[in-house]
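Residue numbers 1 to 73, in full-length UniProt numbering, belong to the letters of the sequence shown in order.
Do not take every clue at face value.
DSBU-like cross-link-like pairs, simulated, lysine-lysine; straight-line CA separation at most 30 Å [said to hold, decoys possible]: (1) K22 with K10; (2) K10 with K21; (3) K10 with K29.
Beta-carbon label-pair distances, calculated as ranges [as the list claims (entries may be wrong)]: (4) W55 with Q15: 53 to 59 Å; (5) D23 with L65: 54 to 60 Å; (6) D23 with A48: 31 to 37 Å; (7) F11 with A31: 14 to 20 Å.
Hints were generated in silico from the structure; no laboratory data involved.
Ideal placement from N, C-alpha and C gives every residue a C-beta, glycine not left out.
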Amino acid sequence: MLTGPQNMPKFSNRQLSFEAKKDIIAYVKVATEARQPGGYLLGGFGPAPEGMAMWIIGMVAAIGLALWIGARS
Numbered sequence: 001m002l003t004g005p006q007n008m009p010k011f012s013n014r015q016l017s018f019e020a021k022k023d024i025i026a027y028v029k030v031a032t033e034a035r036q037p038g039g040y041l042l043g044g045f046g047p048a049p050e051g052m053a054m055w056i057i058g059m060v061a062a063i064g065l066a067l068w069i070g071a072r073s
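Kindly produce the complete structure, drawing on both the sequences and the hints.
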């Protein structure tokens, strides 16, 4: 922001204060970071596939519990 890459104009201290420049740089850094889509970070697929995986695991556990109870009686 002080010299500007290639065709970007430079901003002097009269145009932008030092704090404003720091705020702009911080915003650009945050905006360019790769963010996780959500969920529990199980591979970074997002909340829908992770929720489906947990639902399937829960159903398998429930069926296994039902079979175990049925075998005991």
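| Assessment of proposed distance window 31 to 37 Å (beta carbons of D23, A48) | The hinted range 31 to 37 Å holds for D23 and A48, with Cβ atoms some 35 Å apart.
| request: Decide if the proposed pair is consistent with the structure: K22 and K10, CA atoms, cutoff 30 Å inclusive. | output: holds (14 Å)
| field | Pairwise hint evaluation, K21 against K10, where the allowed Cα distance is 30 Å at most | value | holds (11 Å)
| field | Outcome of range test on Cβ distance (W55, Q15; 53 to 59 Å) | value | holds (55 Å)
| Taking 54 to 60 Å as the hint, is the beta-carbon distance of D23 and L65 inside that range? | With a Cβ separation near 55 Å, D23 and L65 satisfy 54 to 60 Å, so the hint holds.
| task | With 14 to 20 Å as the target window, see if F11 and A31 comply at their CB atoms. | result | holds (18 Å)
| request: Please work out if K10 and K29 have their alpha carbons no farther apart than 30 Å. | output: The given pair, whose Cα atoms are some 18 Å apart, holds under the 30 Å limit.
Checked against the numbered hints above, the structure breaks none of them.
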